[in-house]
Amino acid sequence: MRKWAVISIVLISAAAIIAVIIAEHRSALPGRRPANPFAYDVEEFRSVDQELIRWRETHQVQLDREDPRAMAYSDGKIYLAAGNELQVIGSDWSRILRRTLPSEATCLAAAREGWIVAGMGNHLVILDSDGETIAESEALPEESSITSVAILGDNIYAADATGRRVLIYNRELEQTGEFRGDSGVSDVHGFIVPGAHFSLAVNSEDELWITNPGIHSLQNYTASGRLRSYIQRTSFGIDGFSGCCNPVHFTFLPDGRFVTSEKGIIRIKVIIGTGEVESVVAPPELFREGTNAPAVAVGDNGNVLALDFDRNMIRIFEPI
Amino acid sequence: MERKKTKSRREFISSSARFGLVLALGGIGGLAFRRSTGDQWVWQIDPFKCSWCGRCATNCVLNPSAVKCVHAYELCGYCDLCGGYLIPGHSDRSTAAENQLCPTAAIERKFIEEPYYEYKIKEDLCIGCAKCAEGCSAFGNGSLHLQIMHHLCVNCNECAIARACPSDAIKRVKGSDPYLMKGDYTK
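Each protein sequence line maps, in turn, to chains A and B.
Residues 1 to 320 in our numbering are what the first sequence lists, from first letter to last.
Residues 1 to 187 in our numbering are what the second sequence lists, from first letter to last.
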């Protein structure tokens, strides 16, 4: 009798222990975990009204390098910097040219005549259409970080993110000036560049536009660096820019509309001169969270080219 | 035939005591050596794996949790519109309670100069819920992130939050280098 009592107690205890282990295991399964009482749903900011998406991805060009840094477009050719290599890709997506650069390029601009300006951290070089160096600037202080270059007439503009300034060079890459975006107007601040994201571009009307990422602004400057006008939209939503450094990249459609690329919630959108969003080229769902904002360029036919640093490819978007 | 030498009970107890003493002294010495060389292992969160699930606040054996938000100042954009501080749909970019994302008002916002704001964590108020870290990562640089604070953590053998973590972000690290701060970590 006593023996049976001991066996029963042991069996009941074993069953209880097994039940507790199974219950604990099941409760830890993803679908059975209790809801997060502190849940913060940012998905509403990632979702985009389908009516706004008026572009579709039509082509992808896989790169043969894993370290693309910059892209430019001119006269039917895509110029790509990856590591210390320059590649030129033709309209049939084949590589027309490969050249080893003196050092790693961080940004590119291509002139209509075929020559190229490359920013290389703390200095610039001009390359001819064969990729040969024809001019080189003096080096800026080592901590300088040239993140964007643009060509306007005989001037070359370089955005130095660390120095929070735009440098002006001539075609021989001699520095002829610089400006910091101070307008003298109390409600317009100079360049605020919290991170290594400071971009500039020239539109088809030969207007120089520069981001002021700290205040989510796109600003238009004269050739000598005087502020002419600006648009500023700060918002968590798609109607503006948020975070420290947006828009990270921008360029222009042939009719002057802006194409902007954002980090954080990665998306590419088209905005008009008043700052309103006209359409979305690429919603966040097309990019992996936590990756870099794609560099953008616009082809002759008005297609948007996005350099996806995560997938090492150029993605082409056409209007629907 | 030689008979095997047998130990008396007294000899056996005496030799066992000596052996036990030597073993204990060796163990204490080894432990002291291990501590002195800093090879103690402690739990820490890999901020790049963290998915801000909220379990650090609810599953730690301590209440409030030993997990706190920390700020990598060198990554911060010092934004006025801070995704880690302000609630979506805020009425104003101010320090008013209704505009704050943190459920315990553990983030202090301080004006530096136009347009910069500094954000500091009040550790005694932080419960490690990761709302700010999620907001900062979604909209900004991810400078706000979670770490297990070792002046609070009791270093359980089986960490309750490591067991509950859905992204396997909590791991053992050397006690001599117990934090995985984003700024330092990425250098």
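Keep in mind the hints are simulated off the structure, nothing from the lab.
Each hint should be verified, as a subset may be incorrect.
So the derived label-pair ranges between C-beta atoms look like this [unchecked claim]:
hint, chain 1, residue 1, chain 2, residue 2, range
1, B, 166, A, 83, 50 to 58 Å
2, A, 239, B, 105, 27 to 35 Å
3, A, 39, B, 156, 50 to 58 Å
4, A, 141, B, 94, 36 to 44 Å
5, B, 177, A, 290, 44 to 52 Å
Simulated crosslink set (EDC-like; lysine to aspartate or glutamate; CA at most 20 Å straight-line) [unchecked claim]:
hint, chain 1, residue 1, chain 2, residue 2
6, B, 182, B, 168
7, B, 122, B, 158
8, B, 49, A, 289
9, B, 110, B, 123
10, B, 49, B, 177
11, B, 171, B, 158
12, B, 49, A, 207
13, A, 77, A, 113
14, B, 182, B, 98
15, B, 49, A, 113
16, B, 182, A, 43
17, B, 120, B, 80
18, B, 174, B, 158
19, A, 77, A, 132
20, B, 49, A, 310
Covered stretches of chain B (chain A as the covering partner; in silico rule of three or more C-beta atoms under 8 Å from a C-beta of chain A) [claimed, not checked]:
hint, segment
21, 63-72
22, 76-85
23, 130-136
The beta-carbon is built from N, C-alpha and C at its ideal position, and this holds for glycine as well.
Report task. Go check the segment 76-85 of chain B versus chain A for me, would you? Three or more residues, Cβ under 8 Å, otherwise it fails. Result -> holds (count 7)
Query raised in the report: Is the hinted pair residue 182 of chain B and residue 98 of chain B satisfied, with a Cα-Cα distance of at most 20 Å?
Result: 29 Å, violated
Query raised in the report: Does 50 to 58 Å hold as the CB distance between residue 166 of chain B and residue 83 of chain A, or does it fail?
Result: Since residue 166 of chain B and residue 83 of chain A have Cβ atoms about 37 Å apart, the given range 50 to 58 Å is violated.
Query raised in the report: Does residue 77 of chain A pair with residue 132 of chain A here, judged by a C-alpha cut-off of 20 Å?
Result: 17 Å, holds
Query raised in the report: Can the restraint linking residue 171 of chain B and residue 158 of chain B be considered satisfied, given a maximum Cα separation of 20 Å?
Result: Holds, because 11 Å separates the two Cα atoms, which is no more than 20 Å.
**Report entry** Satisfaction of hint between residue 207 of chain A and residue 49 of chain B, Cα-Cα up to 20 Å
**Finding:** Answer violated: residue 49 of chain B to residue 207 of chain A is near 43 Å, above 20 Å.
Report task. Would you check the hint for residue 49 of chain B and residue 177 of chain B, treating anything up to 20 Å between C-alpha atoms as holding? Result -> 19 Å, holds
Query raised in the report: Holds or violated: the segment 63-72 of chain B covered by chain A, criterion of 3 or more residues with Cβ-Cβ distance under 8 Å?
Result: violated (count 0)
Report task. May I ask you to test the hint 27 to 35 Å on the CB atoms belonging to residue 239 of chain A and residue 105 of chain B? Result -> 28 Å, holds
Query raised in the report: Are residue 49 of chain B and residue 310 of chain A close enough, with their CA atoms no more than 20 Å apart?
Result: 17 Å, holds
Query raised in the report: Does the alpha-carbon distance linking residue 49 of chain B and residue 289 of chain A stay inside the 20 Å limit?
Result: The hint holds at about 12 Å.
Requested in this report: Compare the distance between the alpha carbons of residue 182 of chain B and residue 43 of chain A with 20 Å, and conclude whether the hinted pair is satisfied.
Outcome: 24 Å, violated
Going down the numbered hints, you'll see the structure goes against 1, 3, 5, 7, 12, 14, 15, 16 and 21, while the others check out.
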